[in-house]
Amino acid sequence: MAAKRYEIDDHQWEQIKELFPRAKTGRPGKDNRDMFNAILWIARSGAAWRDLPERYGPWKTVYSRFCKWRDDGSLETIFYALNVEIDDENLMIDSTSVKAHQHSAGAKKGL
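Sequential numbering from 2 applies to the sequence shown in this note's numbering.
Since the hints were derived computationally from the structure, they do not count as laboratory data. Heads up, the beta-carbon is just placed ideally off N, CA and C, and yes, glycines get one too. A few of these clues could be false.
Subject to a maximum C-alpha distance of 20 Å in a straight line, what follows is the list of computed PhoX-like cross-link-like pairs (lysine-lysine) [to be verified]: (1) K69 / K31; (2) K61 / K31; (3) K5 / K18; (4) K31 / K18; (5) K69 / K25; (6) K31 / K5; (7) K18 / K69.
Here are the in silico distance ranges between beta carbons for each label pair [stated by the list, open to error]: (8) N84 / A24: 21 to 31 Å; (9) E77 / R28: 23 to 33 Å; (10) G47 / E77: 16 to 26 Å.
Turn these sequences into a full structure, and let the hints guide you.
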């Protein structure tokens, strides 16, 4: 499966697929990978829940799954598992330097 923008790849999915809680009763829910990718899409795009693309399903379903995983600690466990391997591809180093004006050195004014 080719990952789309903002989605996890197959290797990352293999790392976390067993960490999602299992449904105890009722009909089978939507695929956990689709739900997790929808949550990532919202987080990375900064869009409102209602602007979720239709390919992920109803936004209310994704939101309720997000709340469930947030409240039971599943999301925290999953993100810790994904952080075990360092991803140097997205590592950023900022080398910006800011020089202070000569008058900001603290000398007495009016000299």
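Verification of the supplied hints:
no.	hint	result
1	K69 / K31	holds (14 Å)
2	K61 / K31	holds (12 Å)
3	K5 / K18	holds (18 Å)
4	K31 / K18	holds (14 Å)
5	K69 / K25	holds (13 Å)
6	K31 / K5	holds (19 Å)
7	K18 / K69	holds (16 Å)
8	N84 / A24: 21 to 31 Å	holds (26 Å)
9	E77 / R28: 23 to 33 Å	holds (27 Å)
10	G47 / E77: 16 to 26 Å	holds (21 Å)
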